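Residue numbers (our numbering), protein chains in the order written: chain A, 1 to 130; chain B, 131 to 262.
Calculated directly from the structure, the hints in this document are not laboratory data.
As the structure is a computational prediction, the values presented were derived from the model and not from experiment.
Among the hints, erroneous ones may be present.
If you only want the chain B side, here are some residues facing chain A, beta carbon under 10 Å, derived [said to hold, decoys possible]:
1. LEU166
2. GLN167
3. LYS168
4. GLY170
5. ASN179
6. TRP180
7. THR203
8. ILE205
9. ASP240
10. VAL247
11. GLN254
12. GLU256
13. ASN258
Over 12 Å on every C-beta distance to chain B, these chain A residues come out as not near it, computed from the model [what the hints assert, rightly or not]:
14. ARG17
15. ARG37
16. ILE45
17. LEU101
Positions of the beta carbon are idealized from the N, C-alpha and C atoms, including for glycine.
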Amino acid sequence: MYDSDDKTITLLVKLNRLTSLGKINWRAEPPPRSIIRGTDDHIPIYMSAIYKGRTFGLFLQRYQSYDGEHDRLYWSERIVLAIIDQEENVLWEIENSSSALHDLFETVRRKVARVDDIIDDLINDDHDEF
Amino acid sequence: MGIVGFFITLIVMYQVREIRATFRARARLPQINKELQKAGSALNTSLNNWPVSKNTGHGQIKVASSLIDDAITFIPRASRKKIVEINGKLSKAVHEFSQARYDTPDAVWDLYSDIQVAITSLNQIEKNLNWE
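Next comes chain B alone, as it looks inside the complex (with noise of 0.2 Å):
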């Protein structure tokens, strides 16, 4: 009976918890999806007047780059393949951006698409969590 309960005890702890990620889930999501919308805006604006805004965008990459790894603790793990591929390629942008290729806004322009595929990801998961 002893070990019975054990296992039912178990079985509750980990049903809390998922239930409380899913909680957590769906309050931070939200938030952090807005702002990493802005983020994205902002380098829009760059892009329009690059490369004199070149060092305002590198900023605004590492800020998106910031929040999808702040997301990605958040995400269920069945979701998470396309929004980590999408944060490795952003990370290596922010170490790599004093490279001559991010002195013109084409490989920058691949970033904010890569950002808005990840804007309309997380907007899908905020959608699904909320019929979980």
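In isolation and in its complexed conformation, chain A is listed as follows (with noise of 0.2 Å):
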């Protein structure tokens, strides 16, 4: 059996590798409106992908919280994964600051930027003119 920590970081290695093995294709695309509408939070890179028929959308949060002591607002920022309708509502969400979701949100970024096709790019250039 697994418990609630367990089952979320399966689903997080999971679409990791899957991600890895090029079987989920994820797309960088404006954030949904439901996500950002009513609040002054900032989405640098919203990545969605299909799997199992399921939308997801994995994100980087920047928003604001209150410092009382220092009565002060100041930014923070944190990476989301969510499961997302066809209405492009959130309808589940894990944003903990989690290993598994941070090395997930790398491994995407990776992939959409394509990352190791500019470096090998970069590589073979290098040995043409040798």
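Each chain sits in its own coordinate frame; assemble them with the hints.
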């Protein structure tokens, strides 16, 4: 039996693994309005993918918090994985600070930005010059 | 009276030892867990470039195993079972890494998953220690 944390880790690792193997394809797109409507939050990057008929959104969210001691607002950021329905509502989200979520974000961002292709391309250019 | 005093001294010594162990665990576990997270993230990077990064991945599994080994000494006995099981899997993999099944990333993804479960368990143990 899995407990709740273990289930979440299993899901995050599975998405990471399938992304790494190229079995889930993510693409960068503007965030759904339901995520930013009525907030001052900033979403610098939003990526989505469809897996088993579900739409997943993975994004970096910058949000303001209040520091009562110094009476000021400050910015923090977090990574969020969400399941989005057809009307672009967030049905469920994971926003803990687990390293599994952070690693998934890094893998997806690397795939979306095609970092490996860029590096391979640069390395091949170097070889051509020699 | 002398015997009673002797037993009270033993109890006090035991309690001082327990308190010292709790303080050491509170100080060391977060540091070890942070290093374990770094090893896990490095393994994730290696997995995205397997088998080219197999040697680097092997190194990260070794690091993770020794960190968990270290962490076990600070964990209360009642919470050790899952972490000890995971460490057994990692130690076994470290010694068997030249086997063909580690040429593909599948078996290593399972180890990566175990490392993430260990990180989550250590997080929970850290939280519990703060209430002791």
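Hint check results:
1. LEU166: holds, 8 Å
2. GLN167: holds, 4 Å
3. LYS168: For B:LYS168, the interface hint holds, since the closest Cβ of chain A sits about 9 Å away, which is under 10 Å.
4. GLY170: The hint holds - B:GLY170 has a Cβ within 10 Å of chain A, the shortest such distance being about 5 Å.
5. ASN179: holds, 7 Å
6. TRP180: Nearest chain A Cβ about 8 Å off; hint holds.
7. THR203: With a minimum Cβ separation of about 22 Å from chain A (threshold 10 Å), the hint on B:THR203 is violated.
8. ILE205: Not OK, violated: B:ILE205 not within 10 Å of chain A, min 17 Å.
9. ASP240: Since chain A brings a Cβ to about 9 Å from B:ASP240, closer than 10 Å, the hint holds.
10. VAL247: holds, 6 Å
11. GLN254: holds, 7 Å
12. GLU256: With a closest approach of 13 Å, the B:GLU256 hint is violated.
13. ASN258: violated, 14 Å
14. ARG17: Its Cβ does come within 12 Å of chain B, the nearest being 5 Å, so this is violated.
15. ARG37: Correct as stated: the minimum Cβ-Cβ distance to chain B is 32 Å, above 12 Å.
16. ILE45: holds, 18 Å
17. LEU101: Contrary to the label, A:LEU101 does not stay out of reach of chain B, its closest Cβ about 10 Å off (not over 12 Å).
The earlier numbered hints that this structure contradicts are 7, 8, 12, 13, 14, 17.
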